[in-house]
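Enquirer: Here is what each chain is made of, one letter per residue.
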Amino acid sequence: MSEAEQQGEEGAGIVKKFMFVNRKAPYGTIYALEGLEVVLISAAFDQDVSLAFVDDGVYQLLKGQQTKGIESKNFSPAYRALEGYDIEKLYVEREALEARGLTEQDLLVDVQVMSSAELSELMAGQDVVIGF
Amino acid sequence: MKFGILVNEGPYTHQASDSAYLFTKAALEKGHEIYRVFFYHDGVNNASKYTEPPQDDRHIVNRWSKLAEQYEVDLVVCVAAALRRGIKDELLAPGFRISGLGQLVEAGIQGDRLVVFGD
Amino acid sequence: MLHIVNKSPYERNALESCLRLAQSGSALLLIEDGVYAATRGNAAEAHLKDAMARLKVYALKADLEARGVAGRVMEGIELVDYGGFVDLACGQPNCQSWL
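First to last, the protein sequences are chains A, B and C. Quick note: the first sequence uses the working numbering, first residue 305, plus one each step. Quick note: the second sequence uses the working numbering, first residue 19, plus one each step. Quick note: the third sequence uses the working numbering, first residue 4, plus one each step.
Do not rely on the hints blindly, as some may be mistaken.
Straight-line distance between alpha carbons at most 27 Å, and here's what the computed BS3-like set of lysine-lysine pairs gives [to be verified]:
{"no.": "1", "chain 1": "A", "residue 1": "Lys393", "chain 2": "A", "residue 2": "Lys321"}
{"no.": "2", "chain 1": "B", "residue 1": "Lys20", "chain 2": "A", "residue 2": "Lys320"}
{"no.": "3", "chain 1": "C", "residue 1": "Lys52", "chain 2": "B", "residue 2": "Lys43"}
{"no.": "4", "chain 1": "C", "residue 1": "Lys52", "chain 2": "B", "residue 2": "Lys48"}
{"no.": "5", "chain 1": "B", "residue 1": "Lys43", "chain 2": "C", "residue 2": "Lys10"}
{"no.": "6", "chain 1": "C", "residue 1": "Lys64", "chain 2": "B", "residue 2": "Lys20"}
{"no.": "7", "chain 1": "C", "residue 1": "Lys52", "chain 2": "C", "residue 2": "Lys10"}
{"no.": "8", "chain 1": "A", "residue 1": "Lys321", "chain 2": "B", "residue 2": "Lys20"}
{"no.": "9", "chain 1": "B", "residue 1": "Lys20", "chain 2": "C", "residue 2": "Lys59"}
{"no.": "10", "chain 1": "B", "residue 1": "Lys106", "chain 2": "A", "residue 2": "Lys377"}
{"no.": "11", "chain 1": "B", "residue 1": "Lys43", "chain 2": "B", "residue 2": "Lys20"}
{"no.": "12", "chain 1": "C", "residue 1": "Lys64", "chain 2": "B", "residue 2": "Lys43"}
{"no.": "13", "chain 1": "C", "residue 1": "Lys59", "chain 2": "B", "residue 2": "Lys48"}
{"no.": "14", "chain 1": "B", "residue 1": "Lys84", "chain 2": "B", "residue 2": "Lys106"}
{"no.": "15", "chain 1": "A", "residue 1": "Lys321", "chain 2": "C", "residue 2": "Lys59"}
{"no.": "16", "chain 1": "B", "residue 1": "Lys84", "chain 2": "B", "residue 2": "Lys43"}
Keep in mind that the hints were calculated from the coordinates and are not lab data.
So here's chain A without its partners, still in its complex pose (with noise of 0.2 Å):
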């Protein structure tokens, strides 16, 4: 058993809401990329996860990343895998696509377009809310 299924076992029973809020750009700083690490590792311990783009969060969500030029790594695509992680539950705040002249469609995963209204009332409700 690894160590994170391992402390997954030993907090049985206690489930909570952890949202994660990606408000940062990707490739510019770190903190997309490792915040998306913590979200990995929270699956293996049977939370009610959820992900939140707010502001220029939402970049990190766009098609067509292409990181060959600035040598990194392109980490995209580890979205489109947290479904097989059983994390469904991407939100994106219909003001920050707008602001940015982005629609659903620039997306590279399907999520769920809401209010700041709406992001609001559900952030209120969590449990642990982690910012990146």
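Chain A is fixed; fit chains B and C onto it per the hints.
Expert: Frame of chain A; chains B and C shown alone:
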């Protein structure tokens, strides 16, 4: 109340580590429990035993080590973030240990509150 | 929720996003460079005053003093020390740092 603390930035460059330390100390002095302090992103640099700040300013790393000793606080450095930044076991200041990201998630599960300090 | 903002409104949109997404009845604590938003005459003053109708706003005294602006705080903002910060975190069911 049981607190989990997340420190996302290294010593001195950002105020995050200072704020986290002063919050943690205040919580302990009030009789609360600190379940774990988890260091992620550049926060792993708070664990380096080789820092040599000027004598007339606070020693951030030593402060964390002393707090860990005085109150038995669990100071955990993320292994993946540490490896990326060249922080290894042999470089750790007293009181710090390297472990997996699961320890952060666990702190969120077991703690009553998780307070994040970063940039 | 206890919302924590640590950056000046001139530097980051953290405060703006926080105010957009914070529910009525939440608490907002300004720390580190975020305390500049609590000062009279700053660009965020009007926005913060509006928000104060639905959120309780606090500022960390130590950070205001460090920056020499403790005497410039807007009316209606309550100053707290680190102990007060801890109490705020206990008093709300959850917290979120807007980095």
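Enquirer: Look at each hint and say if it fits the structure.
Expert: Here is how each hint holds up against the structure:
1. A:Lys393 <-> A:Lys321: holds, 11 Å
2. B:Lys20 <-> A:Lys320: holds, 15 Å
3. C:Lys52 <-> B:Lys43: Given pair Lys52 of chain C, Lys43 of chain B is violated - Cα atoms ~32 Å apart, limit 27 Å.
4. C:Lys52 <-> B:Lys48: Status violated; Cα separation ~32 Å.
5. B:Lys43 <-> C:Lys10: holds, 22 Å
6. C:Lys64 <-> B:Lys20: holds, 24 Å
7. C:Lys52 <-> C:Lys10: holds, 18 Å
8. A:Lys321 <-> B:Lys20: Between Lys321 of chain A and Lys20 of chain B the Cα gap is close to 17 Å, so the pair holds against 27 Å.
9. B:Lys20 <-> C:Lys59: With a Cα-Cα distance of about 24 Å, the restraint between Lys20 of chain B and Lys59 of chain C holds, given a limit of 27 Å.
10. B:Lys106 <-> A:Lys377: Holds. Lys106 of chain B to Lys377 of chain A sits at ~23 Å (cutoff 27 Å).
11. B:Lys43 <-> B:Lys20: Holds. Lys43 of chain B to Lys20 of chain B sits at ~13 Å (cutoff 27 Å).
12. C:Lys64 <-> B:Lys43: Between Lys64 of chain C and Lys43 of chain B the Cα gap is close to 16 Å, so the pair holds against 27 Å.
13. C:Lys59 <-> B:Lys48: Distance of about 23 Å is within 27 Å: holds.
14. B:Lys84 <-> B:Lys106: holds, 20 Å
15. A:Lys321 <-> C:Lys59: holds, 25 Å
16. B:Lys84 <-> B:Lys43: holds, 11 Å
In summary, the structure is inconsistent with hints 3 and 4 from the numbered list given earlier, while agreeing with the others.
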